[in-house]
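Engineer: Construct all of the structure, not just a fragment, from the sequences and the given hints.
Chains as they are written, first to last, in our numbering: chain P, 1 to 207; chain B, 1001 to 1327.
No lab work stands behind these hints: they were computed from the structure.
Cβ atoms here follow ideal geometry from the backbone N, Cα and C, with glycine treated the same way.
Don't take every hint at face value.
Stretches of chain B that chain P covers, calculated by requiring three or more beta carbons in the stretch to come under 8 Å of a beta carbon on chain P [stated by the list, open to error]: (1) 1024-1037; (2) 1094-1104; (3) 1279-1288; (4) 1293-1300.
To give an idea of the chain B side of the interface with chain P (calculated C-beta under 8 Å), a few residues [stated by the list, open to error]: (5) N1047; (6) W1152; (7) V1197.
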Amino acid sequence: MTDTRFFKLVVFTNSLIPLILLLWDWAHKRVGANPLEFVTRTTGMLTLSFLVLTLAVTPLRKTFGINSLVKLRRMLGLFAFFYGSLHLLTYVWFDRSFKLLSVGQDIGRRPFILVGMTAFILMVPLAVTSTNKMVKRLGGKRWGKLHRIVYAAAIAGVIHFWMLVKSDVRLPITFGFVVLLLLAHRLVVKYSPTQRPSPSTGLFPRE
Amino acid sequence: MLIKKPEEFKSGEITDKKTYLNRRLFIRAAVLAGTATASTVLYRRLNPPPIQLDKGEKLTDIGKTPDAKALEQGFSVKEPQTPLADITNYNNFYEFDTSKGGVAYAAKGFVTRPWTVSVGGLVNKPATFDLDQLLQFQLEERIYRLRCVEGWSMVIPWIGFPLGKLLDKVEPNSQARYVAFETLYDPKRMPNQRTGVLDWPYVEGLRLDEAMHPLTILATGLYGETLPPQDGAPIRLVVPWKYGFKSIKSIVKITLVASEPPSTWNIQAPYEYGFYSNVNPNVPHPRWSQATERRIGEFGRRKTLLFNGYAEQVARLYEGMDLVKYF
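Structural biologist: If you want it as structure tokens, here you go:
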């Protein structure tokens, strides 16, 4: 097994651990008084966490010069989408009992649902174009441009979280701060004259 | 770097391929196991499991209203009661923790003796009651629905006595029109008061006629035992037809006043939480509908009832009032 494959295995295993523990706790009735809210909240937090991890790849890679990190980025991004899908499913199922009409009404009534839905929809094209084939079809440059949508998805995700919290906004603020930091790093790199990104550090994974 | 040529090695120094691969495998296994453990620990810290309760004291001499009469007066409901474990591990009590699952842990060991409640303001006989004096009131069991503004609900068998009985003792004077309540402020005992998540101390208020209504009680226990700290020990308000946050916990001060007193969530977000905050499925919260609720323990959502199902008992208090304007 090559190192890359091994580290992918490490990321894959660790990314699944929260899901396994969540299912385990569910089976053992250790998900508290309101299991449905618990699952919704947990999958939501996981989505944001994986978005942050995905966004952290490029800054970490550039700061520490570990270029191979980029090979793990797609998996992290797909896990963000995976947990985001579960999060959406819990809402449509537990909260709306699969009544799509009521989902539509709810989007109109509750702005934070609208924002969350936007964040999810923004992730869909990214997940769809995540395969090597799609990268080739779009061409690296265009693919890279398209995938900048992830910035908007992460920001929308943070706002969604922020809006639903009643008064203790410390956690959403923390997420927001980290996302801003990761985005700011990109701006600094882009506009600092000494550290122009070389063309070889492209935005898409080369394998 | 010095690279030895193959002939410079004694054959015994060369790690044979099997050992090399084994070591590599071992390191990889360690990395995998190590990160997996770290992830597990991290997840567990973020999602702590429910905790075991400190045992409460048994409350005795609890009056019982005959069943039929209790149902008619709203003193009891014929709906399954929420398990004690859920009532004591799913709490909104920001003085201890802002996460509902974390309150029980943060409130463990909260000392409630000695405790006094001072009752004053526009009254003829202001008085300070200690806990034993408060427990002298004839305690009753009241099985009430509790509807949180967040859209979940429980059915809780409270032990307590009507607030009206306490107010009668201090004799509100003719100017008194509202009742203001205040929670303990003591950041040493209520650690989250060190943060600014709310404007401490927590305050709440009722109109005098709401306060005197027989459904409005001061609870000192639930499920036949003294209140656990996370549920508002040692004494809290319970107003079953209003959203849960109106039922202020761990009360130290009650003041009769002439005009509408401030209430904490109303200060925090005036457009979201009104002074009245009666449960009303027809008045949506700006960020969520109030038409339905999830009863703890149930999978689907059930319809929210006007005044939380106590319309028959309390609707007359609001006759002619615009419930949308006075939400």
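Engineer: Now tell me, hint by hint, if it's right for this structure.
Structural biologist: Results of checking the hints against the structure:
1. With 5 residues having a Cβ less than 8 Å from any Cβ of chain P, the segment 1024-1037 of chain B passes the three-residue criterion, so the hint holds.
2. Restraint check on the segment 1094-1104 of chain B versus chain P: 4 residues with Cβ-Cβ distances below 8 Å, three needed, restraint holds.
3. Judged by the Cβ-Cβ criterion of 8 Å, the segment 1279-1288 of chain B is covered by chain P as claimed, because 3 of its residues qualify and three suffice.
4. With 5 residues having a Cβ less than 8 Å from any Cβ of chain P, the segment 1293-1300 of chain B passes the three-residue criterion, so the hint holds.
5. With 8 Å as the threshold, the beta carbon of N1047/B comes within range of chain P, its nearest partner Cβ sitting at about 6 Å, so the hint holds.
6. For the restraint placing W1152/B at the interface with chain P, the shortest Cβ-Cβ distance is roughly 6 Å, inside the 8 Å limit, so the hint holds.
7. Hint status for V1197/B relative to chain P: holds, with the closest Cβ pair at about 4 Å, below 8 Å.
Going down the numbered hints, you'll see the structure goes against none, and every one checks out.
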